[in-house]
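Colleague: Let the hints inform the model, and build the full structure from the sequences given.
Protein sequence lines, in the order shown, are assigned to chains A and B.
Numbering-wise, this note's numbering puts 11 at position 11 of the first sequence, and it's gapless, one number per residue.
Numbering-wise, this note's numbering puts 1160 at position 160 of the second sequence, and it's gapless, one number per residue.
Hints are not guaranteed to be accurate.
25 Å max Cα-Cα, derived BS3-like pairs, lysine-lysine [said to hold, decoys possible]:
id	chain 1	residue 1	chain 2	residue 2
1	B	LYS1330	B	LYS1280
2	B	LYS1107	A	LYS245
3	B	LYS1127	B	LYS1148
4	B	LYS1172	B	LYS1096
5	B	LYS1148	B	LYS1369
6	B	LYS1372	A	LYS245
7	B	LYS1172	B	LYS1303
8	B	LYS1275	B	LYS1214
9	B	LYS1369	A	LYS245
No lab work stands behind these hints, which were simulated from the structure alone.
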Amino acid sequence: MSMAHPSAVVNSRQGFSLAQYLTCGRGIVWREALRFLHQRERFVSALVRPLVWLFIFAAGFRQSLGIAIIPPYETYIPYEVYIVPGLLAMIQLFNGMQSSLSMVYDRETGSMRTLLVSPFPRWFLLSSKLVAGTLVSILQVYAFLAIAWFWEVEPPLTGYFTVLPALVLSGLMFGALGMLLSSLIKQLENFAGIMNFVIFPMFFASSALYPLWQVQQASLPLFRICWLNPFTHAAELIRFALYGKLDPLSLAVVLGCTAVFMAGAIGAYDPARGLIALRRGPGGNG
Amino acid sequence: MRIEMMQGKSGTEDRVAWSTEPGESPLTLSLSPWEREPLNSSRSAQHRPFSLREKDRMRGCALWPLQLPFALAAAVVLAFTAQPAAAYEAYISNEKGNTVSVIDTDKLEVVKTIPVGQRPRGIAMTKDGKSVIVAAGDSNTIQIIDTKTKEVTGSLPSGIDPELFAFDPAGKLLYVANENDNTVTVIDMETQRQAGSIQVGVEPEGMTVSPDGKTVICTSETSNMAHFIDAKTHEIVSSVLVGARPRFAAFKGDGSELWVSSEVGGTVSVIDPVKHEVKKKITFEVPGLRREAIQPVGLNIAKDGKTVFVSLGPANRVAVVDGQTYEVRKYLLVGQRVWHGAFTPDQKYLLVTNGLSNDVSVIDVAGLKVIKSIQVGREPWGVAIEAQE
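Modeller: Structure follows, in structure tokens:
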């Protein structure tokens, strides 16, 4: 598996031109986009999940949110409006996990199997895959925001523009986390485990469903957990950006976590030293 | 470097290939059935998954995310080029704080707080815009605030416990409801003296004057009536029974209808001022709220008469009512116990006071959206913005 094509080895010594990088990157992004476009069920399910939260869960809890005005909001808001940024982060979390965990198959049997042995640097291949997954998640987010508009979740028009950089950052962070996790698991059947041990705890122990001051009143240890959860900061970054504001702390946390997860993933995917070498199972004998 | 997706000649073998040099034999890899399956699903077996046309179509599909940011950028430019609101000053009476807060309607923030008498409630701006008058009920007086110096400069002989008042269209006479002694006091604004006193029903509160200045309306909270008073003779011409505890009355700009809110009855009565008859009773229903929580108080009728905003008290909502069909179009979420409101003269914003959450919510009249809630003094009650022409 770690055997590279002889001519490619020659090439890597000479280095690649930017155009070659671009072609490779485009190939990976395009492949992800094709996969997304053809798996319509995945798109639909990616939309249905947050919509169930918005239409059903939020309707039931409408009256239960406290009456205090918290930033970035400037007036009283119904619960639907409150949970939307958290749901956007949830869309990205699911997508990041799905897209990155598809690496489990891709590296055994898919195109990544070829690409990972290509002379392109590993960080570049993994980053391209992340960018591709993030772009797909952003599509899902805007589709959800469009539907939410008809549910009277109407952030200012400028917000749809200012939220984009926040979405890119949080998408990368979740993708990188998924990438790191994908290096640890042998089979995609473990996705249920990821749901139970990663996605649900991250989503519920965060500011996505309830403001942190309410969590703080209920339980101080839980508040600390929520506060340490990178998902909280991704949700807050998106929440502020959606209203044209910037939360510097969230930005710093998301940037930091992205860098750490990404470095971890690149390290883990290093065939010589990484976790992938320790992992046993099909294709893991490299 | 070349990466491509290919289809085998047999039509069954999809491959990914990459090569580093043109002409070099590419390293290829067949796709697993798992990868191929979604490409072919929902298509007939004969259909080639990677036909050229198909690729083009998909490329077209995938372009829209790239165009989205540009569309959004265009929207942003449009939003910024919209006309900014003209700056007006809104005066808010704080019932418990014994102050008047001044809000800049451009910045949407409090710029000054003026100490006044005990329990200020009814508040209005004089026709010339030079002063704001505020009824300090527990001080049994109406105080005059200079809009330039923002200081109390004098007072009017109001009678006992003044609550609400209304100017005649010329701005020369002021009709004051005195809640505790069942009278309406008439004050001449030029001489600043009482020009008369009219005996009305028990607990008078809502006051308004018809646009032609000929009729004065007073609602009495306990008698549940709207009294039609002749402005010249000071005699009650007619009394119309409305829902329990009528709090506020307002004419449409053309004088064709009189709207009266009933706090306990939970209704708004639309009265024909010629026939002195209730022609429509509007009821409100906010999903998930008890009927008792819906207590209409403040009424604000847009200049064109097409939209009426009704403050629903402890329902924490302002109802938007169609002025022609009398249908409730929307409920806007505001702070706790919403009392009264006033439009900015350009009718861009409506400011409403939230008595229990100590803030003022700003409603975008065209968009029917609450855009901000501004903290003011304790228990805000009334709003006065420059006289509306």
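Colleague: For which of the previously enumerated hints does the structure constitute a violation, in increasing order of number?
Modeller: 4, 5
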